[in-house]
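One-letter residues, chain by chain:
There are 2 protein chains.
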Amino acid sequence: MNELFTDDYFMRKALDEAHYALEKDEVPIGAIIVSNNKIIAKGHNLTETLTDVTAHAEMQAITSAANYLGGKYLKNCTLYVTLEPCTMCAGALYWSQISKVVIAAKDEKRGFLSNGIKLHPKTEIQFGVLENECSEILIEFFKSKR
Amino acid sequence: MNELFTDDYFMRKALDEAHYALEKDEVPIGAIIVSNNKIIAKGHNLTETLTDVTAHAEMQAITSAANYLGGKYLKNCTLYVTLEPCTMCAGALYWSQISKVVIAAKDEKRGFLSNGIKLHPKTEIQFGVLENECSEILIEFFKSKR
Numbered sequence: 006m007n008e009l010f011t012d013d014y015f016m017r018k019a020l021d022e023a024h025y026a027l028e029k030d031e032v033p034i035g036a037i038i039v040s041n042n043k044i045i046a047k048g049h050n051l052t053e054t055l056t057d058v059t060a061h062a063e064m065q066a067i068t069s070a071a072n073y074l075g076g077k078y079l080k081n082c083t084l085y086v087t088l089e090p091c092t093m094c095a096g097a098l099y100w101s102q103i104s105k106v107v108i109a110a111k112d113e114k115r116g117f118l119s120n121g122i123k124l125h126p127k128t129e130i131q132f133g134v135l136e137n138e139c140s141e142i143l144i145e146f147f148k149s150k151r
Numbered sequence: 006m007n008e009l010f011t012d013d014y015f016m017r018k019a020l021d022e023a024h025y026a027l028e029k030d031e032v033p034i035g036a037i038i039v040s041n042n043k044i045i046a047k048g049h050n051l052t053e054t055l056t057d058v059t060a061h062a063e064m065q066a067i068t069s070a071a072n073y074l075g076g077k078y079l080k081n082c083t084l085y086v087t088l089e090p091c092t093m094c095a096g097a098l099y100w101s102q103i104s105k106v107v108i109a110a111k112d113e114k115r116g117f118l119s120n121g122i123k124l125h126p127k128t129e130i131q132f133g134v135l136e137n138e139c140s141e142i143l144i145e146f147f148k149s150k151r
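Sequences listed follow chains A and B, in order.
So this note's numbering is basically just the index in the first sequence, starting at one, shifted up by 5.
So this note's numbering is basically just the index in the second sequence, starting at one, shifted up by 5.
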């Protein structure tokens, strides 16, 4: 991997997306999709803004990446996401056959792994990139809501 | 339940949606959402047309119903769907807290129940309405593709 285009670099872009969600008072979760070191899709949680439970960061990034590629399978693509995807997003990732998913923070309650859900056999999973920073923004958000 | 507005009546409307998918050479699956005996949302599978793995019938119906209601929770709503929802759609139904899901045909391979996925505790599940007709259209579709 090029020194510039590290996992940290791309996860920071996903974290930027989480900050855009925060600005809209949304649960701050962000995602980007990278192909050949190029960001081809971005998304942040918009469930409140769009009053739509399906408007998770990952769902928007998946739709957007497929639109960019002109095909529904996300071959040679990597999703960077600030929080472990939920059941819905894991289901969408399964259908997309995405090559790799890089996750910052774990979600013990709603995360797909805790719920025994598998991604596509073609999909590599990596955890822990910028975990603390991506968790922190969520912890601060929920603290402010109490 | 009013004699007119039976489960069979509404599932037939979902099956009409499956036929619209078939006309577009899509896997023929349809869904509608009903609130107080009124159809408030319709959807049919458009994954090929939109080159988007998230464009399942149920996903579109969920988004459309929330849009109609002006809120993201589908209280007092029933989804009628011609095939057992997949993991992604079950995850979306979970977030929607929909009151009831009526399913025609089972999907032993990709269906959420076979994969041990639970809907929201508030959601009632019913199986078998127009099962044969809703299965038949799928069987014929896949036969024609062989």
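Please keep in mind that the hints were generated in silico from the structure rather than gathered at the bench.
You may find that some hints are simply not true.
Copies of the same chain look alike in the list, so a pair counts if it fits in one copy or across any two.
[Unchecked claim] Okay, derived cross-link-like pairs now, DSSO-like style, lysine-lysine, Cα gap no bigger than 27 Å in a straight line:
1. K123 <-> K111
2. K105 <-> K148
3. K150 <-> K105
4. K148 <-> K43
5. K80 <-> K150
6. K111 <-> K150
7. K114 <-> K43
8. K43 <-> K150
Quick caveat, the model's predicted, so the values are computed rather than measured.
Structure-based check of each hint:
{"no.": "1", "hint": "K123 <-> K111", "result": "both (15 Å within a copy, 20 Å between copies)"}
{"no.": "2", "hint": "K105 <-> K148", "result": "neither (32 Å within a copy, 33 Å between copies)"}
{"no.": "3", "hint": "K150 <-> K105", "result": "neither (33 Å within a copy, 30 Å between copies)"}
{"no.": "4", "hint": "K148 <-> K43", "result": "neither (35 Å within a copy, 40 Å between copies)"}
{"no.": "5", "hint": "K80 <-> K150", "result": "between (39 Å within a copy, 24 Å between copies)"}
{"no.": "6", "hint": "K111 <-> K150", "result": "within (21 Å within a copy, 41 Å between copies)"}
{"no.": "7", "hint": "K114 <-> K43", "result": "neither (32 Å within a copy, 35 Å between copies)"}
{"no.": "8", "hint": "K43 <-> K150", "result": "neither (36 Å within a copy, 36 Å between copies)"}
Checked against the numbered hints listed earlier, the structure breaks hints 2, 3, 4, 7, 8; every other hint is satisfied.
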